[in-house]
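Each protein sequence line maps, in turn, to chains A and B. Numbering follows the numbering used here, with no gaps: position 444 of the first sequence is 444. Numbering follows the numbering used here, with no gaps: position 104 of the second sequence is 104.
Honestly, I wouldn't trust all of these hints.
Derived BS3-like pairs (lysine-lysine); straight-line CA-CA distance at most 30 Å [unchecked claim]:
(1) Lys84(A) <-> Lys494(A)
(2) Lys370(A) <-> Lys149(B)
(3) Lys373(A) <-> Lys300(B)
Now the stretches of chain A that chain B is said to cover, found in silico as 3 or more residues with beta-carbon under 8 Å [claimed, not checked]:
(4) 416-429
(5) 705-714
No lab work stands behind these hints, which were simulated from the structure alone. No experiment lies behind these values; they were computed from the predicted model shown. Note that CB positions come from ideal geometry on N, CA and C, so glycine has one too.
The chain contents come next:
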Amino acid sequence: MKNRIRIAGLGFMLLLGTLNAQAQEKYTVSGYVKDIANGEGLIGVSVYIREASTGVVTNPYGFYSITLPQGEYSLVFSYIGYQKLTERLTLNADQRLNVEMSTESKQLEEVVISTKKEDENVRSLEMSVNKIDIKTIRQIPALLGEVDVIRSIQLLPGVTTVGEGASGFNVRGGDVSQNLILLDEAPVYNSSHLFGFFSVFNPDAVKDVKLIKGGIPAQYGGRISSILDVRMKEGNTKKREVNGGIGTIFSRLTYEQPFAAGRGSFIVAARRSYIDVLAKPFLKGDLKQTRFNFYDLTAKVNYRINDKNTVYASGYFGRDVFGASVFGFGWGNGTATARWNHIFSNKLFLNLTTYYSNYDYAINSDPNNKTPKDRFEWNSKIISSSVKPDFTYYLTPNNQISFGGQYINYDSRPGNAVAVSSGESRNISLDSRFGDESALYIANEQKISDRLSLQYGLRYSFYRNLGPGQIYQYQEFQEGQRKFPELPGTAVPKGNVIKQYGNWEPRFSMNIGLSPTTSIKVSYNRTAQYLHLLSNTAATSPLDVWTLSTNIIKPEIADQVALGWFQNFRDNTYEASVEVYYKDLKNQIDYVRNSDLLLNRYVEGDLLFGKGRAYGAEFFLRKNKGRLTGWLSYTLARTERLIDGVNNDDWFPARFDKPHNFTAVGIYNLKERLTLSSTFTFASGTPATFPTNRFEYNGWALPHNVYNARNNNRIPSYNRLDLALTLKSKKKLFGIGQGEWVFSVYNAYNRRNPYSVYVQQNADNPLTTEAIRFSVIGSVIPAVTYNFKF
Amino acid sequence: MSKSAIYLLMSLFAVSIFLTSCEDAIGIKTETGPAELVVDGWITNKSGPQTIRLSLSAAYFDNSPAKPAPGAEVTITDDQGAVYTFTDEKGKGVYKWTPKSDTVALGRIGGKYFLQIKYSGEEYTATNEIKRVPKIDSMAYKEESFPIKPADGPKDGYLAQFYARDFVGLGDTYWIKALKGGRPYGTDPGDISLAFDASFNPGSPSDGLVFIQPLRQSININKLLSAGDTIGVELYSITLESYYFLFQVRQETTNGGIFAVPPANIPTNISNKNPGGKKALGFFGASAVSRAETVIDPKKAKPKS
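Isolated chain A, as found in the complex (with noise of 0.2 Å):
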């Protein structure tokens, strides 16, 4: 009863506080805040009110809004890497003000440390968040000298991946495909080219980086481990200009233009591969046929129409090929969104999206035609469309409340494909399968005072699995084995649900300052995914197929707990923050032994379901000024699966699972034009299954575990050591622009780290039985790129 009381006194307060504030005359200042060199958008700049010791922040728009009583005021504009810019205001009316701000300046004396505070870090409500500028991922070092951003982000807290030249990324123990990885805010169904090595996004294309593994607010849903939140160039609205590079792998150009005096402008961005035209000439007979490469271009166009109402349009095509000629194998994405930003008053800002995703694969084993009477063709795709408001209202300085919806749909091709055998043909094609999911949120920002700020929302989302579509039921003989359908099955008409879901997913962030430099944050979040990537191999592949939500396979939910503690030092020179996190999984997906997930009627059979909890310790500390900046990063965690039929249905590690991840990243500006750099990673080595026995059958020595036991031992540990050095050149490239080398050094002490161990007969005596150690990258691998800009 007290605390019924005391709640109930509370809210009193703060109605009264807000009350009390629409007493007096108050007025609304907003507006944009851009990059002074080329008119880019900058999200997430601190606007600080000094006068109300309150502010906000850019949204990924760079716009702002703030309510204040009328008076005199002074807007303080900050943002890493960016001079602070102070604005006088008497605020009378409402009000628009878009400000520009400039880089600070490359002096390096710059050691001296201004006297205002870059705090976000302590300050906002942010936790489990964590940034990279593209300025820093281009000087770590990199594979082959190739800048990517995937490979960047595998260097924080909490973020591992199963082994070099695996597609994707884990987070907090989460697998690669509980990753909601936006690309101008449409999802990208498979971050790699040439399986893991590089990702999809052009770095010369790409603005900024923000990834949320924890305390994901309610404006984002749809995959339950983490949103890698990847924004692009709006292109300069200032001046032409030409961006490119030439590297051990890829050739890149980007060129960049403002048009209609600067209302508007656009960025294309273009990247090819070229070993294979390196190669041609050396290739003869049929290897002249042999066709390798991987490209992709991005595009977008932003043109702001009045002072409110701007519109975007961005796109992203790319595309792996391997062939030769007998055999013919393509993937890749397409992504197009559009949106418009509209401010309906300066309270009120909405941003629609709307956008198209696909991803698919083809294999054809007869590119040329050559032998029409035994041939073989199979495509995969899926396709989503989605519309998606989002209003950001800001109430008042102290309460910012966002609100809006989605609405995808889900159109999946698992498998096309004809088989021809002797001149007679087999349509093995699947069915389409399709659904929808619809979601609503609201949440709102909210401080109470300015040692205590809470951000809390709710998202509803809801699923459907829609027919046509012919539904199994299955027949389970023996626990973690393959189930059998009940045929024939039941026809769903188009249209009808076959199945529906839905959740309500609470999100909830807290922010107490125990004093201006040091916080402690508490989140909680719950996710749902309608939508899961079937893959039972160590890395996922391109071929694996992204299914929807159906009868028997259930959303996959999410609920993770976090705590950490930020403090800032030595004015912000450097941020620490510690982290603890405990997630619990639902309805995780594991697969049969010898499971045939490709172009099977029945793969619901071959699947299995259990449950799945990862915890862990993250530990960060990051320097940001000075000539030496970078980060240690220090992981320590669990993740783990229970699945019925697996391992004696007893817990297990999951296959990338790592309790020790360590990382230091160190960036070193030795003079002006001279930057070294640095990264070291150590690993614990991944599970690994062992065979304890092995038995003779028919001159085979074949493995067998008496115990049946999953992922009971591990590989030895990994790390390694790379280093960069750019050299901006001295003599301007056309008179005007600028170029530099970058020399790298992958894998420095020529460390052979294991991807895998796994065991096997001997190649030449099939009843003698060895370990195999088998490393992606065994040996140093140095590159040099040259970069140029105009």
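Once you have looked at the hints, place chain B on chain A.
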């Protein structure tokens, strides 16, 4: 193109062209479990003696020959009540049934077979059946050359294939075995070639078709043949359970690299009558066999397309 072949190709492309992947043998420590009885037996409808080998499992890295399991009572009973007794005359765990005449066969298409083993106080059983097998219609070969000279085998030679047609009716499964010079060819577990109807797996309906080209050509064991070679094929009809046993043998013995799947135990159809008793490993198979052979004659070879 089978899934594993695609993974193999992908891995090859992925790593060999740019990077320096490598594999080397290392020493690892593993636990060892208790030894178990291993049954290695596969009866057919071919005439002549049939053998069942019994041995014991050992520690995984124990590379000495498997210990034989002598002293067992081994019998097969068929669905018509006939009992076939297997005896281990040399005491080496090799149990043999020898017919009165060399033209007599144990197996019969459509027959069901029940294996019984009494060994060291335990009683093990297994059943299997002999399913129908189509005849091999013909064998053919054509000139072929590899773009580069392979490490073993010729650069220019002949690519052979056999033609046979799957029966109409879903779910016929086969084991395709290559012969060269009349002897088994390509006996590594990784060379096991399996067909579900006329294609690779149950997911791709191919019922009643001529075996698809990659299966027809699976008798080449990734090498070209030379003039004068005798190449042949034996087509074994197998049950679905046998198909999955062999499937898993192949998977567990070739399961490395970027696209490895979680290792799992190879299934067995041998069970102990006493569910709480000691377990056994291995498999009792039964097949009908059809066979064809041909000698590579350059004059009859189809020219290169």
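Status of the hints after comparison with the structure:
no.: 1; hint: Lys84(A) <-> Lys494(A); in the structure: violated (59 Å)
no.: 2; hint: Lys370(A) <-> Lys149(B); in the structure: holds (23 Å)
no.: 3; hint: Lys373(A) <-> Lys300(B); in the structure: holds (21 Å)
no.: 4; hint: 416-429; in the structure: holds (count 7)
no.: 5; hint: 705-714; in the structure: holds (count 8)
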